[in-house]
Amino acid sequence: MIKFNEEHEWVKVEDDTAIIGISNYAIKQLGDITFLELPEIDSEIEEGESVAFIESVKAASDIYAPVSGLVTEINEDLLDTPELLNKDAENVWIFKVKLSDVAELDSLLDGDSYAKYVNTL
Amino acid sequence: MPYTPHTKSDIKEMLDVIGLEKESDLFDSVPAELKVGHMNLPDGLDEFTTFSKFKKLAAKNVTDKVMFLGGGYYDHIVPSAVDALSGRSEFYTAYTPYQAEASQGTLQVLYEYQSLICELTGMEISNASMYDGATALAEAALMAVRISRRNKILIDAGVNETYIKVVQTYLKFRDIEVEVIDMSSDKTDFSKVEEKIDNTVAAYLFQNPNFFGTVQDFTSIINKLHENKALAVMSAYPVSLGMLKDPGSLGVDIVSADGQCLGNYLSFGGPSFGMIATRQEYIRNLPGRIIGKTLDKDANEMFVLTMQAREQHIRRQRATSNICSNQNLLALRSTIFLSLIGRDGLSKMAQLCFDKSEYLKSQLSQIDGLTICNSAPTFNEFVIETKLSADDFLSQLSKLGFYAGINLSNLYDNSKNRVLISVTEKRTKEELDEFVKAVGGVL
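Order-wise, the sequence lines are chains A and B.
For what it's worth, the numbering used here labels the leading residue of the first sequence as 1, then goes sequentially.
For what it's worth, the numbering used here labels the leading residue of the second sequence as 122, then goes sequentially.
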């Protein structure tokens, strides 16, 4: 199941790994994506910490860690072709984290709650 | 008319809101012993009296002595065309203007400037200029920290002492470790540096020619840095690049320099401008303004500020730097200067600096009681040691009409009798011969 946080990141969990990306809503707000700075593999990240960076023709924004853990993989394709995110953001992962606290997932929003939240913005 | 638009009643209204009686109450939290009190300033003067007063003061400046001072700022020729063209109202501005794209001429100059700096340094990208050579080096160090995601900077002791201090100041509150690697002579001890390089080092900062004028081949250190994924940062002397191998071909990752020597006056120490150039892959970590070339909607070539997501008006506290403009006028002067003298002119200028410096070095070395301290080739600067203290030596030569060099006794240990001498293309053979005679006379 795909979950979201209010910073517009999505999380999909497979075993003990969180696969993380950015919501379609956020990408639509940003416009054409021109650059991504990814977290470092093997770095320990904490929920809420700014770990990556996304740049579009309109703006530059931080990407916050939706969960805590160890970064195990980054999607290097995005370094050369960040525009992949504009096609289908919720099916393009950005980085993967080995979860250190599964309980953190409980505070994330499900798809419906996130859609409602977005409607209030 | 007062300078501020606040009337007495405005001020009273503001004071009432915050509950104070008078303006000086705003400064109550400053301890009394730190307050200046009454400054006893004289009354203002009218324009004509002010001019004549300052003319008299300015006449006290001595500007006609023969100059051998260097150490970062140099007495190079400034062609009159640089003054004439840079003073034109179309160009004359201190900074990149607001609504920059409305000033296409200014942006084109900066684009040409960036191109010239890339050619000069052998690098792929340059920004539109920085404040000066020292702050450009400090920004290069910060850049290396961002790129490597490491927080240890090594600085060679051959880097200009004041630059080292500026780098230390910039990095002081950033949780970055800065280590200065000592040297026992005028030369960098390569094995000592290489020993310090490991995978915790963000970058090694060096200067070539170094502050003592000595030129070395840093290739082995640069290779060791790259093996450890650390960056090589070089502070360059732009004129020397007319003769020396360019930093890009040496494998340097970030080049910084002071641009005074390219068409700008000494002006008692400023203003100047800094340059910074690097490899394409690091463009997002480059600080400052960057000008790009593009096409407008009618497909005409035009110039824009680009990559602005690095800058603080967009990226806020995570910007690459707090620099938000450039030293436009000085960078413009250098663009004009470099365009005027061209590739061959610069290499000729460098050759003249070198030849004249070598001539002076050989003439001085024949004087009893004077030694040349450099143990390797030099470009246009070298260190001498005499039997006189540097203070004494310099003051005696000053009386004879020469600014003989920089007093190293103030900067380094064991340098009581040492002076750094710089020679540019501007010095004539007669001046050099007279200088040698004068030095022989005081020793």
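Think of the hints as simulated: they come from the structure by calculation, not from any bench.
Computed from a predicted model, the values in this text were never measured in an experiment.
Ideal Cβ placement from N, Cα and C applies to all residues, glycine included.
It is possible that part of the hints are untrue.
Straight-line alpha carbon distances no greater than 20 Å define the calculated EDC-like cross-link-like pairs of lysine to aspartate or glutamate that follow [claimed, not checked]: (1) B:Lys345 x B:Glu316; (2) A:Lys58 x B:Glu222; (3) B:Lys537 x B:Asp303; (4) B:Lys482 x B:Glu546; (5) B:Lys414 x B:Glu402; (6) A:Lys98 x A:Asp32; (7) B:Lys350 x A:Glu37; (8) B:Lys286 x B:Asp296; (9) B:Lys308 x B:Glu282; (10) A:Lys58 x B:Asp417; (11) B:Lys313 x B:Asp296; (12) B:Lys350 x A:Asp112; (13) B:Lys350 x A:Glu14; (14) B:Lys547 x B:Asp319; (15) B:Lys273 x A:Glu76; (16) A:Lys96 x A:Glu14; (17) B:Lys350 x A:Asp32; (18) B:Lys418 x A:Glu37; (19) A:Lys96 x A:Asp106; (20) B:Lys547 x B:Asp534; (21) B:Lys537 x B:Glu551; (22) B:Lys313 x B:Glu298.
Ranges of calculated distance between the beta carbons of each label pair, as one might list FRET restraints [to be verified]: (23) A:Asn91 x B:Asp303: 55 to 65 Å; (24) A:Val57 x B:Ala205: 51 to 61 Å; (25) B:Val425 x A:Asn91: 25 to 35 Å; (26) B:Ser312 x A:Gly48: 45 to 55 Å; (27) A:Glu83 x B:Val151: 15 to 25 Å; (28) A:Asp62 x B:Lys156: 36 to 46 Å; (29) A:Ala115 x B:Gln433: 41 to 51 Å.
Sample of chain A residues at the chain B side, in silico, Cβ under 10 Å [stated by the list, open to error]: (30) Phe35; (31) Glu40; (32) Ser43; (33) Asp62; (34) Ala103; (35) Ser113.
Against the structure, the hints:
Note on Lys345 (chain B) and Glu316 (chain B): the hinted pairing holds, with a Cα-Cα distance of about 10 Å set against a maximum of 20 Å. With a C-alpha separation of about 17 Å, the suggested pairing of Lys58 (chain A) with Glu222 (chain B) holds against the 20 Å cut-off. About 18 Å separates the Cα atoms of Lys537 (chain B) and Asp303 (chain B), which keeps this hinted pair within 20 Å; it holds. At most 20 Å may separate the alpha-carbon atoms for a hinted pair to count; Lys482 (chain B) and Glu546 (chain B) meet this at roughly 15 Å.
Restraint check: the Cα-Cα separation between Lys414 (chain B) and Glu402 (chain B) comes to about 18 Å, which is no more than 20 Å; the hinted pair holds. At most 20 Å may separate the alpha-carbon atoms for a hinted pair to count; Lys98 (chain A) and Asp32 (chain A) exceed this at roughly 30 Å. For a cut-off of 20 Å, the pair hint linking Lys350 (chain B) to Glu37 (chain A) stands: about 18 Å separates their Cα positions. Restraint check: the Cα-Cα separation between Lys286 (chain B) and Asp296 (chain B) comes to about 16 Å, which is no more than 20 Å; the hinted pair holds.
Straight-line distance between C-alpha atoms of Lys308 (chain B) and Glu282 (chain B) comes to about 15 Å, which keeps the hinted pair within the 20 Å bound. Between Lys58 (chain A) and Asp417 (chain B) the alpha-carbon distance is near 18 Å, which keeps this suggested pair within the 20 Å criterion. At most 20 Å may separate the alpha-carbon atoms for a hinted pair to count; Lys313 (chain B) and Asp296 (chain B) exceed this at roughly 25 Å. Pair hint Lys350 (chain B) plus Asp112 (chain A) does not hold up; C-alpha atoms about 46 Å apart against a cutoff of 20 Å.
Restraint check: the Cα-Cα separation between Lys350 (chain B) and Glu14 (chain A) comes to about 34 Å, which exceeds 20 Å; the hinted pair is violated. The suggested pairing of Lys547 (chain B) with Asp319 (chain B) is violated, with an alpha-carbon distance near 44 Å, which exceeds 20 Å. Distance hint between Lys273 (chain B) and Glu76 (chain A) is unfulfilled; the C-alpha atoms sit about 27 Å from each other, more than 20 Å. Restraint check: the Cα-Cα separation between Lys96 (chain A) and Glu14 (chain A) comes to about 10 Å, which is no more than 20 Å; the hinted pair holds.
For the hint linking Lys350 (chain B) to Asp32 (chain A), the alpha-carbon distance of about 32 Å lies beyond 20 Å, and the restraint is violated. Taking the CA atoms of Lys418 (chain B) and Glu37 (chain A), the gap is near 30 Å; set against the 20 Å cutoff, the hint is violated. Proposed proximity of Lys96 (chain A) and Asp106 (chain A) is supported: the alpha carbons are some 18 Å apart, at most 20 Å. Proposed proximity of Lys547 (chain B) and Asp534 (chain B) is contradicted: the alpha carbons are some 32 Å apart, above 20 Å.
Between Lys537 (chain B) and Glu551 (chain B), the direct Cα distance comes to roughly 29 Å. Violation of the 20 Å bound is thereby established for this hinted pair. Between Lys313 (chain B) and Glu298 (chain B) the CA atoms are separated by roughly 18 Å; this keeps the pair inside 20 Å, and the hint holds. At about 57 Å, the CB distance of Asn91 (chain A) to Asp303 (chain B) agrees with the hint of 55 to 65 Å. Range check, Val57 (chain A) to Ala205 (chain B): Cβ separation about 41 Å, and the 51 to 61 Å hint is violated.
Checked against the hint of 25 to 35 Å, the pair Val425 (chain B) and Asn91 (chain A) passes, with Cβ atoms roughly 34 Å apart. Distance hint for Ser312 (chain B) and Gly48 (chain A): a CB-CB separation of about 46 Å, consistent with the stated range 45 to 55 Å. Distance hint for Glu83 (chain A) and Val151 (chain B): a CB-CB separation of about 55 Å, inconsistent with the stated range 15 to 25 Å. Between Asp62 (chain A) and Lys156 (chain B) the beta carbon distance is about 43 Å. The supplied range of 36 to 46 Å therefore holds.
Ala115 (chain A) and Gln433 (chain B) have their C-beta atoms about 35 Å apart, which leaves the hinted 41 to 51 Å range violated. Interface hint at Phe35 (chain A): satisfied, since its Cβ lies 7 Å from the closest Cβ of chain B, which is below the 10 Å cut-off. A least Cβ separation of about 6 Å between Glu40 (chain A) and chain B falls short of the 10 Å threshold, and the interface hint therefore holds. The closest approach between the C-beta of Ser43 (chain A) and any C-beta of chain B is roughly 9 Å, which is under the 10 Å cut-off, so the hint is satisfied.
Nearest Cβ of chain B to the Cβ of Asp62 (chain A): about 7 Å, under the 10 Å cut. The hint holds. Hint status for Ala103 (chain A): violated, given a least beta-carbon distance of 30 Å to chain B, over 10 Å. A hinted interface residue such as Ser113 (chain A) counts as satisfied when its beta carbon comes closer than 10 Å to some beta carbon of chain B; here the least separation is about 29 Å, so the hint is violated.
In this structure, the earlier hints numbered 6, 11, 12, 13, 14, 15, 17, 18, 20, 21, 24, 27, 29, 34 and 35 are contradicted, and the remaining ones agree with it.
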